[in-house]
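Chemist: If you want the building blocks of each chain, they are given just below.
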Amino acid sequence: MFTNFFPNLGRVLEKYWGLFIQGAGYTLLLSFITVLFGTILGSILALMRRSRNKPVSGFATGYVEVIRGTPLLLQLYLFYFMLPELLPMLNLSKFACVAIALVINSSAYVCEIVRAGIQAVDYGQTEAARTLGLNGRQTMLRIVMPQAVKNILPALGNEFVTVIKETSLASTFFVGDLMTQYSTVRGSMYLVIEPLIVVGAIYFILTFSLSKAINAFERRLKVSD
Amino acid sequence: MIEIKNLSKSFGSLEVLRDITEKVEDGEVISIIGPSGSGKSTFLRCLNLLEVPTSGSVFFDGVDLTQKGVDIDRHRQKMGMVFQHFNVFPHLTVMENITLAPVMLKKRPKADAEAYAHKLLARVGLSDKAQEHPRRLSGGQKQRLAIVRALAMDPEVMLFDEPTSALDPEMVGEVLAVIQDLVRNGMTTLIVTHEMGFAREVSSRVLFMDEGRIAEQGPPEDIFNNPQNPRTKEFLGKVLR
Chain A
1 MFTNFFPNLG
11 RVLEKYWGLF
21 IQGAGYTLLL
31 SFITVLFGTI
41 LGSILALMRR
51 SRNKPVSGFA
61 TGYVEVIRGT
71 PLLLQLYLFY
81 FMLPELLPML
91 NLSKFACVAI
101 ALVINSSAYV
111 CEIVRAGIQA
121 VDYGQTEAAR
131 TLGLNGRQTM
141 LRIVMPQAVK
151 NILPALGNEF
161 VTVIKETSLA
171 STFFVGDLMT
181 QYSTVRGSMY
191 LVIEPLIVVG
201 AIYFILTFSL
211 SKAINAFERR
221 LKVSD
Chain B
1 MIEIKNLSKS
11 FGSLEVLRDI
21 TEKVEDGEVI
31 SIIGPSGSGK
41 STFLRCLNLL
51 EVPTSGSVFF
61 DGVDLTQKGV
71 DIDRHRQKMG
81 MVFQHFNVFP
91 HLTVMENITL
101 APVMLKKRPK
111 ADAEAYAHKL
121 LARVGLSDKA
131 QEHPRRLSGG
141 QKQRLAIVRA
151 LAMDPEVMLF
161 DEPTSALDPE
171 MVGEVLAVIQ
181 DLVRNGMTTL
191 IVTHEMGFAR
201 EVSSRVLFMD
211 EGRIAEQGPP
221 EDIFNNPQNP
231 RTKEFLGKVL
241 R
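Protein sequence lines, in the order shown, are assigned to chains A and B.
Just so we're aligned: the first sequence equals residues 1 to 225 in the working numbering.
Just so we're aligned: the second sequence equals residues 1 to 241 in the working numbering.
You may find that some hints are simply not true.
[Claimed, not checked] Derived lysine to aspartate or glutamate pairs resembling DMTMM-like cross-links, with alpha carbons at most 25 Å apart:
| hint | chain 1 | residue 1 | chain 2 | residue 2 |
| --- | --- | --- | --- | --- |
| 1 | B | K119 | B | E174 |
| 2 | B | K233 | B | D210 |
| 3 | B | K119 | B | D181 |
| 4 | B | K78 | A | E112 |
| 5 | B | K106 | A | E127 |
| 6 | B | K110 | A | E127 |
Hints in this document: simulated from the structure, not taken from any laboratory.
Construct the complete structure from the given sequences, taking the supplied hints into account.
Modeler: Dropping the structure here:
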């Protein structure tokens, strides 16, 4: 079968390069939406977890544990079938349902990233701010958060890399991402390995360049320490 | 100025402070000495409620800070505190470290706050460091910055929690000199310290703490030259060699 590998690879690329580009676009879009809203929701959850109000922190803790303790594929199925039933008036697209599930999933992980980032800031910083007379909110916004961001940003970048790979699960519902395009090409050309190699290479280029960018960014943060 | 009544503090089953009653008058300079684990730092931290007392009261300017509904942030503005590990804000410049609280909490115009900060920096010999980031400062300079940051709020009392314990020996002097200068200018001061020579020289009163109680207290001459409590004798015998 490998005698035709390179010629086949060439044919796949020649015929379907547009599809792969489009798939990469959807994958990036889905990942970006997931990380953006996951970060917003995750940050809120992190603050909730730190709350002294027991029901509030309890809810956030439960949310994080349940989401992290169940498979993403299961969550995708659940939201894919449940959301349109629950909110028929919104007329949610497949893409939206999948995106929401990914956001919910990612927010649980981001919550832990943000929480760890805040905890890594020396408690002496909080004490110094509070003795000056800053209240808890002012201390968090002006003293703790600006320092926590340095811990959080690189970890968020890594979450982005993870999410890019995880969006491949979304192809279960044919939302147009890279893996969806793989299925399309496989079906029309009756080739299994070659398109897989192409898609794998694209995933790798995306994640590898992003990791490198994060590393460079992290080094710059360190310099300004 | 500060009145402590039946103050007790426990961490779980560990009793750190046991029923302390004490009074700090305006202009007093009080050194708190004692073996480690005797509750000195906890006592100091209870005065501005960084540690919440298990029982008892702390009156500051006549207000019981331990009561529910007291705006503790307002009262803390009048109680400056300096820590062993400086706790300067590393993401802000020296100037921003100093002006943050006055501008934010006292609504001082930024220019006024900066002018005042320059005056204070000159007083502690850090005039040329205003635009630096704290990471470029030595330990002694960081601690002087921390003192200036507290002073910028015009506190009525300064609390020092082992301000020289984390410093390299050659930097202890410069920080003590700044504190001494404050004291000479009449700042009411409480200082937890292991610098016995300094305690003897600057304080108007020395508290010796042992096992969560003030075991002995008095003017420095009495405590250092003629201690009455056997625990005080034992402690001073170990540290004054």
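Chemist: All hints, please: hold or fail.
Modeler: Going through the hints against the structure:
A hinted pair counts as satisfied when its Cα atoms are at most 25 Å apart, and B:K119 with B:E174 qualifies at roughly 18 Å. With a C-alpha separation of about 12 Å, the suggested pairing of B:K233 with B:D210 holds against the 25 Å cut-off. Taking the CA atoms of B:K119 and B:D181, the gap is about 14 Å. The hint holds against a cut of 25 Å. Under the criterion of a C-alpha separation no larger than 25 Å, the hint pairing B:K78 with A:E112 is inconsistent with the structure, at around 37 Å.
For a cut-off of 25 Å, the pair hint linking B:K106 to A:E127 stands: about 19 Å separates their Cα positions. Of the supplied pair hints, the one linking B:K110 and A:E127 holds, its CA atoms being roughly 24 Å apart against a limit of 25 Å.
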